[in-house]
Amino acid sequence: MTNNAAVVTAAGGALLAIVVLIGAGTARPVQSVSYSTDGRLWLQSLAEPLLDKDIRWVPGDSRTSEFHIHNGTDRDGRLQVIVNSDNSAFVRALSVSIAGGSFGACAPVEVPAGEKKRIDATVTMSDVAGNDTRNSSAEVDLVLQWSDNTSSVCPEFAGRELEQEGAQP
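All residue numbers for the sequence shown refer to my numbering, where the first residue is 1 and numbers rise by one.
In case anyone wonders, no lab produced these hints; they're calculated from the structure. Here the structure is a predicted model, which means the values were calculated and not measured. It is possible that part of the hints are untrue.
Stated by the list, open to error - The following label-pair restraints were derived from C-beta to C-beta distances:
#: 1; residue 1: Lys-116; residue 2: Ser-151; range: 20 to 28 Å
#: 2; residue 1: Gly-130; residue 2: Gly-100; range: 21 to 29 Å
#: 3; residue 1: Gln-145; residue 2: Glu-115; range: 12 to 20 Å
#: 4; residue 1: Ser-32; residue 2: Gly-100; range: 26 to 34 Å
#: 5; residue 1: Ala-47; residue 2: Gly-72; range: 14 to 22 Å
#: 6; residue 1: Glu-139; residue 2: Gly-101; range: 22 to 30 Å
#: 7; residue 1: Ala-47; residue 2: Pro-112; range: 34 to 42 Å
#: 8; residue 1: Asp-132; residue 2: Val-153; range: 26 to 34 Å
#: 9; residue 1: Gly-114; residue 2: Lys-53; range: 31 to 39 Å
All C-beta atoms in this analysis are idealised placements derived from N, C-alpha and C, irrespective of residue type, glycine included.
Using the sequences plus the hints, can you model the full thing?
Written out as structure tokens, the structure is:
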């Protein structure tokens, strides 16, 4: 009887192992969006700011930052590149463009599932920026926001472009 109990226990254990292994299936890769400054080292966020914090901005200035994005998911997505500042005069005077396209406070970039893209983002200060920017200091940042393609393009910035100095409605 002891032999029979051992055989039944061993058979039960083997059956349990088979069920566990079959149920495990193949492992799916982790899906994520990652960023890189050089196209080789990919991280969940950029390690350094895209714009030098010590830049002196004057009307008509522009600066370009290059970075890469990898949509490692199985869904198309959209990167929104947003120019932001802690000074409202700078917010009104700055715009961002991608690869020479014309945008305002926010520039959208479509990134298909599984693809990598190089992004050249240019921040420009309007030629007619007001006097309130000339003797001021401000933090100016490029903010990257990822969303799926079903969301609105730059919804929180709709209409802000018309508020920019020198912009025509």
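Tested hints:
The hinted range of 20 to 28 Å is satisfied by Lys-116 and Ser-151, whose Cβ atoms lie roughly 22 Å apart. Taken as a hint, the range 21 to 29 Å holds for the pair Gly-130 and Gly-100, whose Cβ atoms sit roughly 26 Å apart. For Gln-145 and Glu-115, the Cβ-Cβ distance of about 18 Å falls inside the hinted range of 12 to 20 Å, so the restraint holds. Our hint of 26 to 34 Å for Ser-32 and Gly-100 holds, since their Cβ atoms are close to 29 Å apart.
Between Ala-47 and Gly-72 the beta carbons are some 18 Å apart, a value that agrees with the proposed interval 14 to 22 Å. Our hint of 22 to 30 Å for Glu-139 and Gly-101 holds, since their Cβ atoms are close to 25 Å apart. Our hint of 34 to 42 Å for Ala-47 and Pro-112 is violated, since their Cβ atoms are close to 26 Å apart. At about 29 Å, the CB distance of Asp-132 to Val-153 agrees with the hint of 26 to 34 Å.
At about 34 Å, the beta-carbon gap between Gly-114 and Lys-53 stays in the expected band of 31 to 39 Å.
Violated hint for the displayed structure: number 7, the only one.
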